[in-house]
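Novice: Residue strings, one per chain:
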Amino acid sequence: MSNEKKNKSILIVEDEQYLRDLYKQILEEEGYMVETANEGETALELIKKNTYDLKLLDIILPKMDGISILENIAKTENKKFTNVVLLTNLGQDPIIAKALNLGVRGYMIKSDYTPEELLKEVENYIKN
Amino acid sequence: MEIIILVLVVLSSTILGLFVFNSNPKSATNKIFLALSVLIAIWSIVIYLSLATSSRMMTLILVRLTTSIAVPLTGSFLLLMHTFPSDKLKMSRKEFFGLITLFVSTMLLTFSPFVFTNVKVVGSSFAPVAGPGMVAFAVAVNGAAIISVILLIRRFIKSKGIEKLQLNYLLIGFLVMISLIIITIFFPVALFQNISFVSYGPLYALIFLLTTSYAIVRHRFLDVRFIVARAVAYILLLLFIGLCYIAVLFNIAFFINERKSPFSTLSDLIIPTIVALLFALTFQPLRRFFEKITDKLFYKDHYESNDLLWDLSRSMASTLGLDQLCKGLLNILLSTIKINYGAVILVRKDVVIWASSTGSTSLKPLKSHEIANLIGLSYKPDKRNENILIFDEMGGESAMKQSMRDHGLTIVIPLIVRKELIGGLVLGEKSSGEIYSSEDVELLKIVAPEVAVAVRNALSYEEIKKFNITLEQEVKKATQRLRKANIRLKELDQLKDEFVSIASHELRTPMTAIKSYLWMAINKSPQKLQEPLKKYLDISYKSTERLIHLVNDMLTVSRIERNKIEIKKEPVNVIDVLSMVYEELKITATEKKINFVFEFEKGEKYIINADKDKIREVFQNLVGNALKFTPEGGKIELYGREKGKNIEISVSDTGPGILKEDQSKLFQKFSKIDYSYSSHPNQPGTGLGLYISKQIVSLHLGDIHVESDAGKGSIFTVTLPLLVADALKNE
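So the protein lines, in turn, are chains A and B.
For the record, in the first sequence the residue sitting at position 22 is 22 according to my numbering, with numbers rising by one throughout.
For the record, in the second sequence the residue sitting at position 36 is 36 according to my numbering, with numbers rising by one throughout.
You may find that some hints are simply not true.
As the list claims (entries may be wrong) - Under 7 Å between C-beta atoms, here's a sample of chain B residues computed to sit facing chain A:
id: 1; residue: Ser-501
id: 2; residue: Ser-504
id: 3; residue: His-505
id: 4; residue: Thr-509
id: 5; residue: Met-511
id: 6; residue: Glu-566
Simulated from the structure, these hints should not be mistaken for lab results.
Remember, it's a predicted structure, so these values are computed and weren't measured experimentally.
Just so you know, even glycine gets a beta-carbon here, dropped at the ideal spot from N, CA and C.
With the hints as constraints, model all of the structure from the sequences given.
Specialist: And the structure:
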């Protein structure tokens with residue numbers, strides 16, 4: 001199981017350092033290859049440059065927000081965001097609906113998940 | 001005898017003619033009738049004279065004259081039948097003048113030997129000798145008469161209503177006349193050569209004239225009694241003048257002619273008498289005619305009071321606008337009475353509130369309080385007849401008089417409505433420099449109350465109009481304010497939306513960190529945690545969870561209340577939703593040693609049209625509450641039944657129950673229920689869960705209610721409409 005996970009790469013786009021560190025820590029402890037971005041532009045560059053098995057994307061970010069990142073990619077590369085999951089604390093239905101329309105797989109409200117539950121969700125997304 | 005008939009006929013027909021004409025001088029019928037009456041009178045005189053004369057030459061002339069007058073007589077009869085009772089000729093001017101020309105030329109023809117060649121002597125009297133044109137002439141005149149009669153009968157048959165009644169009178173008069181002529185003149189003359197009734201002929205014509213004139217004046221709705229009374233007066237006057245004249249003439253001649261009778265024959269008396277009577281008759285119309293001319297020449301300022309009153313009434317009735325009304329009546333007053341200045345001034349409590357003036361005065365303008373004072377002084381409530389100030393009639397010197405002189409005012413009349421002084425009509429001097437005559441003053445007194453009422457009405461109308469405009473403006477302003485407020489509210493709503501979502505985001509972020517790190521501390525600590533540290537961390541963790549829950553609930557409430565909550569309905573098997581909730585919370589129940597019973601069977605189907613996630617939240621909340629309040633060893637049941645077109649799903653617990661008085665508060669926001677009676681006094685909640693649940697159920701057209709006995713537990717029941725009640729069940 002650990003070997004399987006070693007091949008999987010995950011990008012975490014999160015501006016809150018404590019959470020970014022925690023998520024990186026628990027995911028790496030599980031054996032994933034984790035890269036992080038703390039704001040929108042870096043995230044966009046990384047997404048364009050590399051491929052990830054799962055991208056956990058926050059919405060409210062400095063420089064460029066999550067939705068803009070998605071729209072930018074959609075415009076330039078005509079990609080579907082099948083491996084993007086929103087990991088956010090923003091509870092605005094219209095924005096989430098917009099993201100889902102752009103093709104993201106799902107969304108998680110950060111505060112509703114314990115680290116353990118988060119890992120379970122990530123595992124589910126990567127498996128399927 | 002003949003002379004009496006003659007006088008009677010001449011006078012009556014002339015008077016009838018004049019009266020009918022006077023009743024409406026513009027009417028063509030009346031004009032024709034006058035012509036006919038006068039012609040009958042003249043004709044009667046001429047016939048009489050032709051019979052009375054002793055000269056052969058005179059007889060010929062008079063016979064020819066008789067014949068000649070018969071032409072316009074017949075003609076006017078024909079015209080009358082053609083026109084009656086219309087006010088206008090029923091022919092063009094050309095046709096009319098053609099007819100007149102025909103009459104005149106025929107009249108001239110009768111003076112030629114063509115009709116009567118000569119007069120021959122038959123016994124003691126003369127008889128005219130008919131000429132070659134006599135037959136043609138007789139045919140023409142009689143033809144015209146016959147046509148007239150045919151016209152009359154035809155018109156009578158075709159006519160309706162009042163016209164028929166009028167023609168009826170005409171016809172009766174005509175028939176009586178004709179039958180009398182035939183019976184008393186035609187038959188005696190034709191059969192017995194008896195001419196004793198011939199002189200009655202004009203009398204018969206008078207009958208026709210009487211009925212015709214009655215028909216005409218009745219049509220004009222004139223009182224016949226008035227006509228009769230006037231006619232009698234006229235006849236008496238004429239008789240009086242005539243008799244006086246004859247008496248005077250007779251006496252003068254008697255003395256001049258050495259006491260011999262001056263009248264050798266009766267006709268010597270008759271002719272001057274008739275002339276005198278004609279003078280008497282024409283006296284009145286002539287006097288009026290010359291009066292008019294002299295008035296125009298010497299008495300320019302004269303005006304007809306009736307006409308002025310009529311003009312004023314008409315002007316006042318024609319408008320409701322205050323300005324127009326006052327300008328109109330001032331113009332009429334000033335131009336008719338010839339005054340150089342006039343004003344209508346309205347006061348309220350000694351203050352001028354409105355004024356309109358016409359004409360000009362070179363004198364200094366009146367100050368508001370002065371004029372208000374003058375108007376106030378002009379009003380004497382006790383003396384109705386003296387409600388007028390006339391400069392020339394004010395005795396002595398007073399401030400008031402001085403003020404009127406300074407401003408060139410001659411008359412101030414108060415305008416009074418129901419004993420309340422509303423203003424005054426103020427007039428300057430007459431442009432001729434003359435003083436106001438008593439006629440002027442009387443007229444102004446008559447006009448004043450009418451003006452007052454009209455002005456009062458106009459003022460009320462003006463006030464209503466102003467009020468309406470103000471009202472409209474106020475409504476507009478209010479609408480604008482509301483519109484602005486609405487825009488502001490929308491902005492605020494938008495801001496609130498943003499605020500709520502940003503606030504919740506900002507709150508959740510640190511809470512996520514706290515929650516996650518506490519979880520890590522509790523679950524991933526390298527060393528086993530010692531009590532009481534573990535307890536402290538547990539409490540912190542639970543409190544954080546509660547805080548997050550509260551934020552989530554508040555977010556939901558805010559969405560519900562702003563109608564921003566999205567409900568995506570789809571057919572859902574409610575059993576699937578319930579089993580998910582059961583599976584999810586079974587663990588907690590087991591941990592708390594609570595017997596959690598799921599009473600549905602797998603494969604059961606109850607389809608509802610619902611948002612799966614939202615409905616799940618409702619049952620999560622209900623079961624969560626039950627878990628919270630049910631003590632260890634208690635029992636929670638999740639069960640349901642179909643009821644009509646609905647499904648009822650209940651969550652029962654063996655918790656402390658809810659007091660009756662609290663049950664209604666349960667579904668309100670932040671309801672704080674007192675659980676001190678129970679053994680679980682400290683059960684923290686957000687106070688929003690049941691409120692949210694009720695709102696969500698309502699959005700699904702369902703209902704939620706509670707049954708509970710304190711100490712025995714509670715049953716929360718949710719009723720939801722089934723999408724298809726039977727067809728999908730147990731498929």
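Novice: Now tell me if each hint is right for this structure.
Specialist: Evaluated hints:
A hinted interface residue such as B:Ser-501 counts as satisfied when its beta carbon comes closer than 7 Å to some beta carbon of chain A; here the least separation is about 4 Å, so the hint holds. Here the hint on B:Ser-504 is kept, as its CB sits about 5 Å from the closest CB of chain A, short of 7 Å. Checking B:His-505 against chain A: minimum C-beta separation of about 5 Å stays under 7 Å; hint holds. Using the Cβ-Cβ criterion of 7 Å, the hint placing B:Thr-509 at the interface with chain A is satisfied: the shortest such distance is roughly 5 Å.
For B:Met-511, the interface hint holds, the least distance from its beta-carbon to any beta-carbon of chain A being 5 Å, beneath 7 Å. Checking B:Glu-566 against chain A by beta carbon gives a least distance of about 5 Å; that is within 7 Å, so the hint holds.
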